[in-house]
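K.L.:
Listed below are the residues making up each chain.
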Amino acid sequence: MNDDDLITLVREQRGSVEMTTPVDQIIGRGRTLRARRRLPGVAAGALAVAAAAVLAVTALLPAGHQAGRPLPAQLTAWTVTRHADGTITVTVRQLRDPQGLQRTLRADGVPASVTFFGHEPRACQRYPRMSAALMAEVFGGHGPPLVIHPKALPHGVGVQLNPMHHPHGAPIALAAGLVQASPGCTGP
Amino acid sequence: MGANRPDFAEFYRRSKDECLFTVLLSVGDRDTAQELLAEAFARAWASWRTVSRHPAPAAWVVRTALNAHVSRWRRHRREVPLADPGAIADRPTAGEAFDSPVDPRIMAALLRLPERQRQVVALRLFLDLDTARTAAALGIAPGTVQAHLGRAIAALRADLMPERQKEIPS
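As you go down the protein sequences, you meet chains A and B in turn.
Start counting the first sequence at 1; every next residue gets the next number (the working numbering).
Start counting the second sequence at 1; every next residue gets the next number (the working numbering).
Only chain A is shown next, with the shape it has when bound in the complex (with noise of 0.2 Å):
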């Protein structure tokens, strides 16, 4: 094999993909943006929003323990721990055992998707009214560690963690989001 099959054979991979998206429906969505284009208060408000929405991290684990609280004897992959005013702090060191981590934070009583590889669960759908205060409200500062603050998910919302990875491919954080809570993403 040649480097002009070895082109080809690597070719026919994007062919193996379809993009089932009618083209009325990207036309529908097209004449909105347009339309939306027209009323530069939008559009200046919506950069607003974005703007303050970028989310710094500042710190490197585990110096984010809690003051007062013991580290743990033995480091494990990840810890949950569930404070007297009612928030939760999710220290994460590996991504390991993903199902665990999602049940322990149901029990403490936060709706949640844990996904480490592979595919959100297909139920899981994004908040529609995610927003940086939201987003603020429910996961507190900077972090690490990530502090969730469970009374702050409004009714019917869940959380989702997955990780972010590195352009190279290698899973560099823990990234927290907003889902519709359903029983196919976050639990019964």
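One should not assume that every hint holds.
[To be verified] A short, non-exhaustive set of chain B residues, derived as facing chain A with CB atoms under 8 Å:
#1 Ala9
#2 Lys16
#3 Asp17
#4 Phe21
#5 Phe41
#6 Trp45
#7 Trp60
#8 Asp103
#9 Ile140
#10 Gln146
#11 Arg151
#12 Ile153
Since the hints were derived computationally from the structure, they do not count as laboratory data.
Ideal placement from N, C-alpha and C gives every residue a C-beta, glycine not left out.
Assemble the complex: chain A is given as a structure, and chain B must be docked to it using the hints.
P.N.:
Chain B only, in chain A's frame:
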């Protein structure tokens, strides 16, 4: 500009699958890739007068989709760094990470390429851009495009045909 924009419909029909595969390579999830790409195509329609004159409209769409992906991460996710990214257990093969009928060996080999090489492969081989347009899209020199493509093909060859490598006398 006509309301029907038949040239856009033809452009969409002709390029959507290649664009989807290219975005899928970067974001790793088919549903997300399709969602991002649908929005990018809609933006292309809304600005079709400009985009249709772009030297590589498909590259414009892909780039728009990937930029939206980065923005979405920043806007919708709270990121907390992992303590030890190297200590990862049970990492699946690329085939498990993709819900699509792609060849898992080839996809894994593509994903193992450094980002810039993967971008060059995507634009040159999947979107069929020539060297000059690939260079313009990535903001790098044409010679750098060729160098990245050469290294990528060598890496793919080593990854996909290691046994043949051994057959070649040194």
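K.L.:
All hints are to be evaluated individually against the structure, with a verdict given for each.
P.N.:
Hint check results:
| no. | hint | verdict |
| --- | --- | --- |
| 1 | Ala9 | holds (5 Å) |
| 2 | Lys16 | holds (4 Å) |
| 3 | Asp17 | holds (5 Å) |
| 4 | Phe21 | holds (4 Å) |
| 5 | Phe41 | holds (5 Å) |
| 6 | Trp45 | holds (3 Å) |
| 7 | Trp60 | violated (14 Å) |
| 8 | Asp103 | holds (6 Å) |
| 9 | Ile140 | violated (16 Å) |
| 10 | Gln146 | violated (13 Å) |
| 11 | Arg151 | violated (13 Å) |
| 12 | Ile153 | holds (6 Å) |
Going down the numbered hints, you'll see the structure goes against 7, 9, 10 and 11, while the others check out.
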